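Listed here are the chains, written in short residue letters.
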Amino acid sequence: MIPEQPPATTPRRFGFGDQEGARSALIASVSTLVFVLVAGLLIVNSPSWPKVRQQFFSREDFVASWPDVLGGFWVNVQLFFWAMVTIPVVALVVAIMRSLRGPGFFPFRALAVIYTDLFRGVPLFLLIVLLGFGVPTLQIAGLPRSATFWALVALTLSYSAYTAEIYRSGIDAVPESQRASARALGLTQTQALRYAILPQAVRNVVPALMNTVVSLQKDVALVSVVGIREAVREAEIYTSRTFNYTSYVVATVLFLAVSVPLTRLVDWYTARDRTLRSQALT
Amino acid sequence: MKKRIMSGLLALALVAAACGDDTEDTEAGGDGASCDGLPTKVEGTLTVATGEPVFPPWMIDDEPSNEQGFESALVYALADELGVDEVTWVRTGFDEAITVGEKDYDFNIQQYSITAEREEVVDFADGYYQVEQAIIGAADSPAASAGSLADLKDLRLGAAIGTTSLDYIETQIEPSTEAAVYDDNAAAKAAFDAGQVDGIVLDLPTAYFVTAVEIPDASIIGVLPRIDGTPEELGMLFEDGSPLVPCVNDALAALRDAGTIDALEDEWLNQGGSIPSLSN
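Quick mapping for you: the protein sequence lines, in order, are chains A and B.
The first sequence: position 85 = 85 (the working numbering), numbered continuously.
Quick note, the working numbering runs 1000 ahead of the 1-based positions in the second sequence.
Okay, the calculated beta carbon distance ranges per label pair:
no. : chain 1 : residue 1 : chain 2 : residue 2 : range
1   : A       : G142      : B       : I1227     : 41 to 47 Å
2   : B       : E1102     : A       : T32       : 33 to 39 Å
3   : A       : N211      : B       : T1088     : 44 to 50 Å
4   : A       : V85       : B       : A1139     : 37 to 43 Å
5   : B       : D1062     : A       : L33       : 51 to 57 Å
In short, the hints are calculated from the structure, not lab data.
Keep in mind it's a predicted model, so treat the numbers as computed, not measured.
The C-beta atom is built at its ideal place from N, Cα and C for all residues, glycine as well.
Next comes chain A alone, as it looks inside the complex (with noise of 0.2 Å):
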């Protein structure tokens, strides 16, 4: 009997040849232009469509909306950048302490516990307003009284409880034997955590961690309750004055315009990662 070769090519997930799959293509597009055209012959053809269009996709009202909603959203992109320094690093902090094993760690597993409980059951505005408005006005010398600053302590607090519970399931799914392999080479147990455990858990929930990014991105939005003007603060401001909703499209469009792009560099990095894992294991 001669073995079978493996296929030359793998399998492609839609279609079988070229062929086959240049159709799939054909009436996917097809498909999908019709779906758009009946949505948007519906939507034109409503007896109000002029004045939605006018109330929520003015072009004179993007367009003088624009400024002020990207000037906006600068401070979301500087306050989401430096959440993505501070949480990772928490979280990793209060994860790492939650799984310590031994009795003597016990209070650090306590703390930890505590922590994510705490600021994960606290919703995130008032976190934000009790931070914002009410540390600074307890006068407190040497503590800064910048409501941004506590809106980043905030927004710390509250997604690094979230992201720790992530890492630890991470670490929980690393499959106990690798602790004891990484020990009985004579790793101590911070070294096992560090060159075993870590960085698998890290891989094994980059997707979980991805949607807390995202997520992430849009809760900044929260922070304008303390007086911050980021974007969607800028959209209601410019819509409270003119009763017209454009631009909320506008801060629409300059979130998706971060959002999209991150969640397909996950997806590609996920991907990617797999292959790699998976022709290093053949």
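Position chain B against the provided structure of chain A, taking the given hints into account.
Only chain B this time, still in chain A's reference frame:
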């Protein structure tokens, strides 16, 4: 299988397109404004919307129906003038009121300033109050000694969103630090307590109330000069094309001629004594 889906989609498309084309003329024939059979949403009742919550001195105790506070008292006087026995109150957010389309109340009253831009989307009755803008700040702050708009330029100022006070800061004061914007005056007050703003710009009647009750540490630094000398008017907000507007305008004019509106202003809004005016 795919073919079946395709033809299904096409069928759907045709049906949908057919429905889409079938635009019934739903526009009600706008008959001439007759105020005899008052064209209210509910016959014999004036359905009036306001904010949630509502603040003194415009309304008292967050209770529009107690005829206390300037706007509440005005609405009941207006209802009398229109010959309507009953007033029903509904609560709306700012945003619900400013969208195009039909509204389920006759008009909305929550200190909406009448501006040309807003009038493209909704209708306003004639103004019921000429409002002045004022700035409040801590009595011991550098803001307190301000004598003109130029003295306010370097202050960190705040205002509530949706107010002309915010527009005033941006177009007239043009501060060196961008004005902070809050959801309402309560949040602006919190920021003031937190030391994040030096001054808050708001309408004068609200400023009287805030400095008397909510932030006793703050005082009214001054009344701000009018923009181009033009007074700012507060107006009742109606859905675009409401047949009720001319009737309400007639009634408001009658109330003004009879001195009722002046009396209400004296009773509710002009309680603060004399306040210095800032120069341009």
